[in-house]
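Participant: Take a look at the letters that make up each chain.
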Amino acid sequence: MQAIEVSHLIKKFGPLTALNDITFSVGEGETFGFLGPNGAGKTTTIRILTGISRPTSGTAIIFGNDIEHDTIAARQTMGIVSENSNVYDDLTAWQNMIFSAELYHVGRKEREKKTNELLMTFGLHERRNDKVHGFSKGMKRRLTLAMGLVNSPRLLFLDEPTSGLDVQSNLIIRDVVTELVSEGVTVFLTTHNIEEANVMCDRVAIINKGNIAAIDAPESLKKTIQSVQSIELSFNHSSIDQLEELRRLPMVNDAHKAGDKFKLYTEDPSEVIDAVMAYAHTHNLKVISITTLGPSLEDVFIRLTGLRRTGGAAHAID
Amino acid sequence: MPSIDHKGWTKRLSRELSAAWAIARKDMRIYYLKPNIIVSGILFPLFMFLAFAIGKNAPAGTLIPGLISITLLFSASSIEPVSIPIERRVKTFDRLLSAPISLHSLVAGESLSGFLYSLGIACLPLAVGVIIFSTPIVHVPVLVIAMILTSFCFATLGTLFAAYPTENVGEVMSMLNTVRLPLIFISGVFIPISTMPQIGQKIALISPLTYGNDMIEFAYTGKSLFSPLLDIVVLVIFIMIFQIAANHLYKKFNE
Numbered sequence: 001m002q003a004i005e006v007s008h009l010i011k012k013f014g015p016l017t018a019l020n021d022i023t024f025s026v027g028e029g030e031t032f033g034f035l036g037p038n039g040a041g042k043t044t045t046i047r048i049l050t051g052i053s054r055p056t057s058g059t060a061i062i063f064g065n066d067i068e069h070d071t072i073a074a075r076q077t078m079g080i081v082s083e084n085s086n087v088y089d090d091l092t093a094w095q096n097m098i099f100s101a102e103l104y105h106v107g108r109k110e111r112e113k114k115t116n117e118l119l120m121t122f123g124l125h126e127r128r129n130d131k132v133h134g135f136s137k138g139m140k141r142r143l144t145l146a147m148g149l150v151n152s153p154r155l156l157f158l159d160e161p162t163s164g165l166d167v168q169s170n171l172i173i174r175d176v177v178t179e180l181v182s183e184g185v186t187v188f189l190t191t192h193n194i195e196e197a198n199v200m201c202d203r204v205a206i207i208n209k210g211n212i213a214a215i216d217a218p219e220s221l222k223k224t225i226q227s228v229q230s231i232e233l234s235f236n237h238s239s240i241d242q243l244e245e246l247r248r249l250p251m252v253n254d255a256h257k258a259g260d261k262f263k264l265y266t267e268d269p270s271e272v273i274d275a276v277m278a279y280a281h282t283h284n285l286k287v288i289s290i291t292t293l294g295p296s297l298e299d300v301f302i303r304l305t306g307l308r309r310t311g312g313a314a315h316a317i318d
Numbered sequence: 001m002p003s004i005d006h007k008g009w010t011k012r013l014s015r016e017l018s019a020a021w022a023i024a025r026k027d028m029r030i031y032y033l034k035p036n037i038i039v040s041g042i043l044f045p046l047f048m049f050l051a052f053a054i055g056k057n058a059p060a061g062t063l064i065p066g067l068i069s070i071t072l073l074f075s076a077s078s079i080e081p082v083s084i085p086i087e088r089r090v091k092t093f094d095r096l097l098s099a100p101i102s103l104h105s106l107v108a109g110e111s112l113s114g115f116l117y118s119l120g121i122a123c124l125p126l127a128v129g130v131i132i133f134s135t136p137i138v139h140v141p142v143l144v145i146a147m148i149l150t151s152f153c154f155a156t157l158g159t160l161f162a163a164y165p166t167e168n169v170g171e172v173m174s175m176l177n178t179v180r181l182p183l184i185f186i187s188g189v190f191i192p193i194s195t196m197p198q199i200g201q202k203i204a205l206i207s208p209l210t211y212g213n214d215m216i217e218f219a220y221t222g223k224s225l226f227s228p229l230l231d232i233v234v235l236v237i238f239i240m241i242f243q244i245a246a247n248h249l250y251k252k253f254n255e
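Protein chains in written order, with this note's numbering: chain G, 1 to 318; chain D, 1 to 255.
So here's chain D without its partners, still in its complex pose (with noise of 0.2 Å):
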């Protein structure tokens, strides 16, 4: 019967996204506060941001939507390659592969919490741009949408690298810095995409970087290189990529 199947697929759907958030309110319990979540997450695109914004010849409130960029990209994608090989060492992730859920809210509630986690943290510059620089915001719902989308994309990228079998979490990130480091230099976040060489502007294409640093430029800007509506429909589609890829390998890896 139809109305009794529809039930079912709602419990069904209420329990699993219950789950979901358990598993992320875990992890926000346990690892917001972890020194390598600060220094990976924090730290890391703080420092990076200086190197780079030191010494250029621009306002520094014009530098706040590249530091949002790198913020998002950086502390989305840390929680779970940290707390992932943890938990194989500890054995407390097979209480979550044994759990009566499926893989795809096991990878949606780990990625939850690097989404909340970076969204969090990427209100400090906004807040720094808002507050110390009066740095205007063109389009609100735009911003509100990018630091959306932008993090849980990162967040899903953060647990497909955790995929990898291996209980050392500095194995996870060596293999997740080599792609998110050129990231921030082919994604337009210090070097407008428009100036770079042609071989460099296609490169950009394939980076989730460059339509999230895009939106963020517009919301605070009024330009963009694409229109917001296809970095969102890219940005969607990226989630979609690291979020099936991530259930495959986990579900490969166990095996």
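One chain only, chain G, in its complex shape (with noise of 0.2 Å):
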């Protein structure tokens, strides 16, 4: 049985069209990835995906049971984690966590036991008898994470989950939901950190506008733009005005800096590393290190969202 079954969705907001024919499916146990730059339509997938919202046409099923008919059914098998840490800050960690048992019917012993479980497992059991307003932005996306647990759910949405947060939180965030996905849970995961979603997905899709632009394992999305690969330099001296230099070497397509480091966009990697050579000799300049490396995902990302780069960072073109 598939965890996900999603079929020609259509979400119109008056004139808008928040999503226009969408279809896919997420077999059960695969980590599935949900890219899209804002605006795409990744939240309103979501709402309709979780029984928030209802969609203009088009099914929505979840392990068997449809959303928009069979809601508290199927309901009762997720976990939703939301991108803002929707936690009550004038409760306790333990009180949101029995509120949110309460919500998902999980009997007295069992929340009990398992609150004081998912309480140690994030590292809030100390503070457990504190109210939340006086937690960290990290404690509160454990707590948040915890809430969304405290059912065992079968699915688990996790929208951003560990945007910008610290070191320690982010790793124990990462573990716990490594852990999830080897005992069989599956994982819908929208993220704007492509490479958390390269590492952690099975397979992602990229909605753009409303439409699913492409749906594949990570490393086939990247086959498809093989012309984008790149080359990963530094010099013992590196300045600006290198980078304008470096973008006119022959067969390189686009160049950027970002720190101490150059990196060159081209088709022949092979010819570019001969041209750097050449390069770094005339200017009597010392390569430091030179890495070729393929297409990431971030690059799929953006080829097929129409985003474009400036300096380090991807823009939305109008």
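It is possible that part of the hints are untrue.
Claimed, not checked - So the derived label-pair ranges between C-beta atoms look like this:
(1) 132/D to 129/G: 35 to 43 Å
(2) 110/G to 47/D: 47 to 55 Å
(3) 14/D to 178/G: 31 to 39 Å
(4) 11/D to 69/G: 13 to 21 Å
(5) 108/G to 36/D: 27 to 35 Å
I should point out that these hints are in silico values taken from the structure, not numbers from a laboratory.
The beta carbon of each residue, even a glycine, is placed where N, CA and C say it ideally should be.
Relying on the hints, combine the two individually framed chains into one complex.
Facilitator: Written out as structure tokens, the structure reads:
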């Protein structure tokens, strides 16, 4: 049985089409990444899959239950970790957990046991009786994830799980998600952190302007744009003036500078390496490091969503 | 098989009720002592009452039924118009909307906290009447039923207004007050309905406070405009209308 089956989903808000006939499925036990720029339709999709919004047309089936008609049965199988750490600041960590368990009909003994376990796992047990308003951003995020797991879900919706977090919270969350995946939990992940999706996901879908632009395993997606290979290098002395000169080297399509490193995009890495060595020799520079890189998932994302790079960042093309 | 269906429905109902109770308990813990709830639910009806009662040539004890009525109106309808916009803003309301419970349970759970808050607050004027003014209560069971129904009716009204999709408490409160404030003038709380002009008497019929106040008056004086049974039936109809309308609006505004 598929964990999620989305078929011809359309969502319109007046004249605006937020989702334009999207179809995809997520297998049980799969970690599925859902990527897209802001306003692409990610949140609308999640709101429909969790039964908060209704589609204009099309269906979404969660473990065999139609989310529109068997809403409660479908929701019972899910855990939802929203992008905002939507915890109750005026309740303690323990009260937040118990409230979440009560909403998901977890029995009294089980909810106390599960709450204890999860608070320990997420390093919050010692603070269980403290009100959440005194918690750091990372602690609130960990509590949000713990609340999403209190009903032992078969399907976990993770919306930007590690965005802007401290290293400790980041590591705890990633470890827990890895363990959940090994236990067979299906994960539906939306993230702006493309590297996170690359590392964690079995497959990713890239959504843009309400359409699914691509859907495949990260490595397969990268193969589709082999022309976007790159060379990352650094010299013993680097300056911004060198960027323009490197960009003018033969076979270099584009170049960026990030910190002390230059990244040159090309279809022919070996020829560019020769050109770079000649450039270094001519300008009396020493090459400190040089690495050939295949296309990243970010490159695929940028190619498919029509974004463009400015410096290190990607920006939408209007 | 009917027996399995029955068992399934019993389990479902029990789950829905316990989820509604969990929502109510959460609201009690978080919102009962919030300053804007205290102002809107306790101080506002008290000062409204004093503004009209002071200078009236009536024994203070006879004003207790009116004070109970407006306390029920304001306190019951004050929790959700504050809590729900706040929860929309901090996104905790999404937690409730995505939980495996029906919208009816969500609406009932939200109303339950306003209902219990209001009953607790309305016990204050009741106690003042009994202890300080020795105001006699002729029909205690009628008073209990009147307080329960009136309180739940206005708690559901508060939940209905809170369905308006805003994150701004003031917006909901402004809309609610345009309904709540006229109600106290047309429902026989300060001016007996029988002394009102014809048009006022007709308008009074569409106010739920008319029936709640009528029952409370009956409980204290043994006299009323309508029979208590009619008051009960009309209040139950108002509760059902508010509950169904709230359910519809929460569904509509979340699409």
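Participant: Each hint: holds or not?
Facilitator: Hints, one by one, checked against the model:
For the pair residue 132/D and residue 129/G, the supplied restraint of 35 to 43 Å holds, since their beta-carbon distance comes to about 41 Å. Checking the proposed 47 to 55 Å range against residue 110/G and residue 47/D shows it holds: the Cβ atoms sit about 49 Å from each other. The given range of 31 to 39 Å is respected by residue 14/D and residue 178/G, whose C-beta atoms sit roughly 37 Å from each other. The given range of 13 to 21 Å is respected by residue 11/D and residue 69/G, whose C-beta atoms sit roughly 20 Å from each other.
As the Cβ distance of residue 108/G to residue 36/D is approximately 34 Å, the hint placing it in 27 to 35 Å holds.
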